[in-house]
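K.L.:
Listed in order, the protein sequences are those of chains A and B. Sequential numbering of the first sequence, starting at 0, is according to numbering that gives the first Met the number 0. Sequential numbering of the second sequence, starting at 0, is according to numbering that gives the first Met the number 0.
In short, the hints are calculated from the structure, not lab data. We treat Cβ as the ideally placed atom computed from N, Cα and C, and that holds for glycine. Treat the hints with care, since some could be wrong.
As the list claims (entries may be wrong) - Have a look at the derived ranges for each label pair, beta carbon to beta carbon:
1. A:T121 - B:A30: 34 to 42 Å
2. B:K90 - A:L165: 20 to 28 Å
3. B:N43 - A:Q128: 46 to 54 Å
4. A:D177 - B:P122: 35 to 43 Å
5. B:K90 - A:M93: 29 to 37 Å
6. B:D125 - A:W172: 32 to 40 Å
7. A:A188 - B:N84: 45 to 53 Å
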Amino acid sequence: MPDTTIDRRELLPRLFPDPGRWLMVSGLAGAARDTAALTSDADYLYTMGGAMGAAVSIGLGMALAAPNAPVAVITGDGELIMNLGSLTTVASMMPGNLSIVCIDNGQHGETGGQPGHTARRTDLAAIAQGAGLVSVMTVSHPEQLAEAARFLTGAPAPRFLLARVLPGPPCDWKRDLDPANCRLRFRNARGL
Amino acid sequence: MTQPASLAWFRSLFAQLVESGVTLFAYVPDAGNAALIDLADAHNETRTVLLAAEEEGVGICAGADLVGARGVLCMQSSGVGNCANFLSLVKGGRFPIFMIVTMRGDYGEMNPWQYPMGQAVEPVLDAMGVLTFRVETEDDLQPATAAALSACFKGGQGVALILSQRFLGAKPF
């Protein structure tokens, strides 16, 4: 794993200065806490607490069904690796409104910090590139984050941003963990 | 070889799904769903999503539901096992997921590899809170589809329409 100097707790506010313009879905554990902290667990965010590996697919479903809304998937390296095939599905569908952010800390933070594949030899940006994502970017330092924020709105989509972060704790945020309640909250906010 | 359903069954199934507002057809290719997917590809108001693995389709249909659209997940029976953990979205999240399962390891199967998962389809779906609607004959198809659509998109249930090998015709391999 190359040197990184990004504290994950400072990542998302730099990438999403105006989060309310997005529809968001997060993977579980740290990615969910960071995204809930970013948005104050808002009704335009669906956070997961299980079904590990589903975040990209949920985001793709949202992006295909709401093609005029910018959709962001915020997930972690472990969650993404559990369903790498979903990147090939994204590439085949070419959603012009989908951005994927992978917060890569090289470990399974929620279960005790056990090392993951990206701490060894795996490069998820290269995998996203090979899957066929249109725009791929890697950041490891805070001074790259302004450009990364522009990438998430301006680069040809679908986009994949790999953010290599320090192996520190995520934001301390207690979000709503009831998946049915979160579904209704999200839909009610869309008038459904 | 059992007697196969007439070749037009997939047209009436497709028409019922479209009439119910289904616009996304997520699928892993199977001989049993190929004609249905061809219709969805050709139709102006429906879109198909080729999946790498079946569980992705549970997530895609859930994402579509969050923004008010309706999808179905089409797969061979072997894919049901891949979906089990993602079906937490049904049992815990109460997402109205609609699955169309074309059976192997069922009536007349000749491939021994197909039996373990084929015979586990209904126990797995039952364990994860998905209601099953089995089609054994052509006469079953329209009412079973109507019942499954009502349970899912009106009743808010996860459902699986199970097209048996007795209905589809067992494959000669």
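K.L.:
A separate judgement is required for each hint: does it hold in the structure or not?
P.N.:
Quick rundown of the hints versus the structure:
1. A:T121 - B:A30: 34 to 42 Å: At 35 Å between Cβs, range holds.
2. B:K90 - A:L165: 20 to 28 Å: Between B:K90 and A:L165, where Cβ atoms are some 36 Å apart, the hint is violated.
3. B:N43 - A:Q128: 46 to 54 Å: violated, 33 Å
4. A:D177 - B:P122: 35 to 43 Å: Cβ of A:D177 to Cβ of B:P122: about 27 Å, so the range 35 to 43 Å is violated.
5. B:K90 - A:M93: 29 to 37 Å: holds, 32 Å
6. B:D125 - A:W172: 32 to 40 Å: Check passed, 36 Å falls within 32 to 40 Å.
7. A:A188 - B:N84: 45 to 53 Å: violated, 27 Å
In terms of the numbered hints stated before, the structure departs from hints 2, 3, 4 and 7, listed from lowest to highest.
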